[in-house]
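Colleague: Residue strings, one per chain:
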Amino acid sequence: MKIAQVAFGLASVFAATFALAQGAADKRRSGYQDMGEALQKMQDDDTANPGMLFVQLGEQLWSKPAGAANKACADCHASGSMKSVAARYPAIPKDADKPVDLEGRINLCRTANQRAEPLAPESRELLSLEAYVAFQSRGQPIAPPSDPRLGSFREQGGEIYRRRQGQLNLSCAICHDDNAGKKLAGVTIPEAHPTGYPIYRLEWQALGSLRRRLRNCLVGIRAEAYAYDAPEYVALEIYLMDRAKGMPLDAPGVRP
Amino acid sequence: MTNVLINAPKTAKPGEIVEIKALILHPMETGFRPGTNGKIIPRNIIEHFVATWNGAEIFRMEMSPAIAANPFVSFFAVATESGTIGLRWTGDEGFLVEEQVAIAVG
Amino acid sequence: MKIVIPSEARDLYWSLKGPSACGLRVTTMPVTTRRAFLAGATIVCVLPFASAHATPEAMAAAIKEVVGTGTIREGKVKLDLPPLVENGNTVPLTVSVESPMTPADHVKAIHVFNEKNPQPHVFSARLGPQNGKAVIATRIKLADSQKIIAIAETSTGQFFSASADVIVTLAACIEDVT
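Protein chains in written order, with our numbering: chain U, 366 to 621; chain B, 12 to 117; chain R, 2 to 179.
One should not assume that every hint holds.
[Unchecked claim] Covered by chain U, per the in silico footprint, the following chain B stretches (three or more residues, Cβ under 8 Å):
id	segment
1	34-42
2	72-81
[To be verified] A few chain B residues that don't get close to chain U, going by computed Cβ distances all over 10 Å:
id	residue
3	Pro45
4	Lys50
5	Val61
6	Glu68
7	Glu104
8	Val112
9	Ala113
Think of the hints as simulated: they come from the structure by calculation, not from any bench. Even glycine gets a Cβ: it sits at the ideal position worked out from N, Cα and C.
Please build the complete structure, drawing on both the sequences and the hints.
Modeller: This is how it looks when you write it as structure tokens:
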């Protein structure tokens, strides 16, 4: 009896420390953790987070009928049904062979189901809808789909991530893998996990997508930014989301 | 489409000091930034923010180009009577937004 | 545009050096006699070509406009700003003033100034006993590392102030649109 109790006690201690080790082993830091306290507070307060203005707008647009089909998003997607959607994108839609990010998916719905014009990239409407959908996944761990067809796109993204580019001949990996945590122009270099998108970036004084942020990075290393509809962005996002697998989403994020 | 986020309590006890927070979408273009063509982008800011409680002014703020885009303001007010808290923003280019929230005091 | 300034302001502008406030280039006419100088130093303004920063003197002048000949006391005002700011475009700021906020004794205005943005004002707010608490929070733009000053004006005609130094690692206002 006593031995069984001790064994049970030992087993539960082992399980507890193992669980702790699991949590403690994730040393990845999100952009939120690298920000100053004042900005973290700004993000946490839903009544003061500027990204919430766009979530509110997205919520309004969600119930607005659009297109020749005169359908609103809400007509097909019940409230609460968008939970964890943002955590599983980019993905390859049914009957398609190329992956789309969340914006691409929203526009697919617009053209195919609502029979409306696609929304322009970085337009307020598209960003607001994206913000509203991403907000539904707040707190959800990033969970890329297990579709084997994503493999080649993920590899392509990884190749871009490690490729030296631009006049400064830097790759994403040089800053965000090798030098993350160190300072660049007084600011901590983040690990570049896309946990907060779409983000309210103080630099933009507006909400923007991961695509816009990647373009900023490319300009930052003095490389020519790919065209807005280039597949490179989706490939990079697939790689980055896989790299950030398991980290919780915190959209809409506030970032410097 | 103007977008406003107001946060005020829906109920309060008489004499209770309540916090009122307001966030509004606006570029607050300072008038000091050069655009990509080298020309200064013209100023476009919110100049006045006024709050009323059942029509009586309770708070007024004059903003300058130094207020950040999508201006956020938080201030306090003593809950006197049930009614409407009115918020009004005015500024350049004929900008005018008025919003109201109801509050029950008792 | 020419501005003639009274003689007491002469010393203020005499000390201005380096890049001037956006839109205001200050020169003094070469004068040899004190009398001629007292007759009126002139300032020549040119159109804003490149945005540079204002100066502590411009802030002092803006403060003087509000306070006039009153004395500014330290105390009662608390100015909360992060000491290090990652981006000057949106800096959270809270001003709180100790006051009973009664009809007889309350804060009637709070003014905030800066010393290095293109212009010295940040905001002015009117308050009264109906506010219960003289606490205002907002978000401001800072073009450079600088000092921010908050001045509270009470119903009894007194002025109290507090200041904060902020380091800005990325400027607002003078960035190009990308």
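Colleague: Please go over all the hints and tell whether each is borne out by the structure.
Modeller: Taking the hints in turn, this is what the structure says about them:
{"no.": "1", "hint": "34-42", "verdict": "holds (count 5)"}
{"no.": "2", "hint": "72-81", "verdict": "holds (count 3)"}
{"no.": "3", "hint": "Pro45", "verdict": "16 Å, holds"}
{"no.": "4", "hint": "Lys50", "verdict": "20 Å, holds"}
{"no.": "5", "hint": "Val61", "verdict": "20 Å, holds"}
{"no.": "6", "hint": "Glu68", "verdict": "23 Å, holds"}
{"no.": "7", "hint": "Glu104", "verdict": "18 Å, holds"}
{"no.": "8", "hint": "Val112", "verdict": "12 Å, holds"}
{"no.": "9", "hint": "Ala113", "verdict": "17 Å, holds"}
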